[in-house]
Amino acid sequence: MLEINNLSKIFYKGTYNENKALTELSLKINEGDFITIVGSNGAGKSTLLNSIAGVFSIESGSILLDGQEISNQAEHVRAKSIGRVFQNPLAGTSPEMTIEENLSLALAKSESLSLRWGLSNYKRKIMKKKLSKLDIGLENRLTTKVKLLSGGQRQSLTLLMATLTNPSLLLLDEHTAALDPATVIKIKNLTNELISENNITTLMVTHNMEDAIKMGNRLIMMDKGQIIYDIKETDKKDLTVEKLHKMFEIKHGSKFTDDRMLLTV
Amino acid sequence: MNLIFAITSLEQGLVFGIMALGVYITFRILDFADLTVDGSLPLGAAVSAKLISSGMNPILSLVFALIAGGLAGSITGFLHTRLKIAPLLSGILTMTSLYSINLRIMGRPNIPLISQPNVFSLFEQLGINYLWSTIILLLIIILLVKILLDSFLKTQLGFALRATGDNPQMIRSMGISTNTMKMFGLILSNSLVALSGGLVAQYQGFADVSMGVGTIVAGLASVIIGEVIFGEKSIFIITAGVIAGSILYRFSISLALNLGFAASDLKLLTSLLVIVFLSTPRIKKIMR
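Taken in order, these protein sequences are the chains called A and B. Quick note on our numbering: the first sequence kicks off at 995 and runs consecutively. Quick note on our numbering: the second sequence kicks off at 405 and runs consecutively.
For the record, the hints were derived by calculation from the structure and aren't laboratory data. There is no bait here: all hints are sound.
The calculated EDC-like cross-link candidates involving lysine to aspartate or glutamate, where the alpha carbons are at most 20 Å apart (straight line), are:
| hint | chain 1 | residue 1 | chain 2 | residue 2 |
| --- | --- | --- | --- | --- |
| 1 | B | LYS488 | A | GLU1069 |
| 2 | A | LYS1141 | B | GLU636 |
| 3 | B | LYS637 | A | GLU1094 |
| 4 | A | LYS1139 | B | ASP554 |
| 5 | A | LYS1141 | B | ASP435 |
| 6 | A | LYS1139 | B | ASP570 |
| 7 | B | LYS558 | A | GLU1105 |
| 8 | A | LYS1139 | B | ASP435 |
| 9 | A | LYS1127 | A | GLU1187 |
| 10 | A | LYS1103 | B | ASP570 |
| 11 | A | LYS1139 | B | GLU631 |
| 12 | A | LYS1141 | B | ASP570 |
| 13 | B | LYS558 | A | GLU1094 |
| 14 | A | LYS1141 | B | GLU631 |
| 15 | A | LYS1226 | A | GLU997 |
| 16 | A | LYS1141 | A | GLU1094 |
| 17 | A | LYS1103 | A | GLU1069 |
| 18 | B | LYS558 | A | GLU1090 |
| 19 | A | LYS1208 | A | ASP1232 |
| 20 | B | LYS637 | A | GLU1090 |
| 21 | A | LYS1139 | B | GLU636 |
Label pairs and their computed distance ranges (CB to CB):
| hint | chain 1 | residue 1 | chain 2 | residue 2 | range |
| --- | --- | --- | --- | --- | --- |
| 22 | A | ALA1068 | B | GLY511 | 42 to 50 Å |
| 23 | A | HIS1239 | B | GLN573 | 30 to 38 Å |
| 24 | B | ASN662 | A | LYS1119 | 54 to 62 Å |
| 25 | A | GLU1053 | B | SER638 | 47 to 55 Å |
| 26 | B | SER555 | A | HIS1239 | 54 to 62 Å |
| 27 | A | GLU1090 | B | MET460 | 35 to 43 Å |
| 28 | A | LEU1109 | B | ILE411 | 30 to 38 Å |
| 29 | A | GLY1061 | B | MET460 | 51 to 59 Å |
| 30 | B | VAL680 | A | ASN1192 | 47 to 55 Å |
| 31 | A | MET995 | B | SER638 | 38 to 46 Å |
| 32 | A | THR1138 | B | GLN573 | 16 to 24 Å |
| 33 | B | PHE556 | A | THR1138 | 21 to 29 Å |
Where a beta carbon is used, it is the ideal one built from N, C-alpha and C, also for glycine.
Please put together the full structure from these sequences, using the hints given.
Structure representation (structure tokens):
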């Protein structure tokens, strides 16, 4: 499905600020895997996701998606088969456009752009059906500009848009980190629903260890640009936050430090 | 202000309104402050004037003006998307180059078209009253452009163009190249501006190499006046506002001239007008 071999990424290469974000990282992800990724600050979690998405070029290594080498493809080319939701709830939608216009772009993702009308009654029907699953009343507000929605509503919409065309891979980069506690629960449930409903292979970065343990079927812990633990389904069930912390200390040599983690455990 | 004066302002507002619609595409939809227009307006005028004076049909000459404008837009697009030059500078570079290119096309700084046929004289031959024929033809042209633009912005491609200016990160994650869309928007915008330039040359009876100075400011003024007065409820209203803005802008220029300002003061007045309209929201906020 997704196969990463010896992936390295260095920021500011050759300067005083050189930063080895990922070092010879390899990972094999099976079809339908829902992997949660945890790790301390600067472990390379977001860099891994951005490398897969093609936000920047990588130093070395290969990334195979459905057997195809994608590490040389432009970001927008990979995006055809990758869905993404960002930490910033404003990042995934176009604020000046209406809900239906945004959704129409997501629906057209797998097609090539054309001069056909962006909207039709048939498309609106599909949109309403999909939106009603979010259960936040957006199905009755198709012509509302997205900038008028709350952060949680926008993140729900982004999540729906990212999964609408059943991507080969879904990348979630702390997509609940900027939301209020009540909304976080809603978005988490929605995430689980959308992923299991369509059986989408997913990588989710989170700062919440409990979520990392509860959600998904596989947990990866990263440190200093490498994967230090890869915990599969059966072992994952017995995990606790304390155990995870201890495991980290054994490998890392010191306590798990994460300014945000302290607040969420 | 007498009737002739009002009609002239209205005509100018319409003929430059096509340019303002072009500026709207880059400035508002793409969020790209494109200064190419100061060069692509006279480019359209130069191409049209040169072709007419060598005997081409004036309508056909406008098609070539449109294509030339598109090419100019693609140069700015290339500078920005491929060579990664900042938007403002890309436009300035193309605009500056176009000054020389326009002189090359025309062969001299000014081509008079007084004795040549033009779209307006052709239209008049259909038997329409002299006083109104120009306005009617311009209205038909600009409404056609507006309807086409409005419709285009409702297609899949139009949606992608709008989202590119609004949230580039989002449009990339939807599998669309922002570079391609910017290139496309710049070509579309400058085609319209050059079409406007060709019509201006035929309307005023000459093409001049320096006629493009201040085009961007006039275009911005039209867009902003339109927004302030008409609002931004829908694409239909916005583009109507841009055209109305262009007409109001030409009226205020005429008014200023009537009040005794010299023609040479107009650029200053235009800038002041744009500053006032651009700062209105900010000033309103402070007053509250």
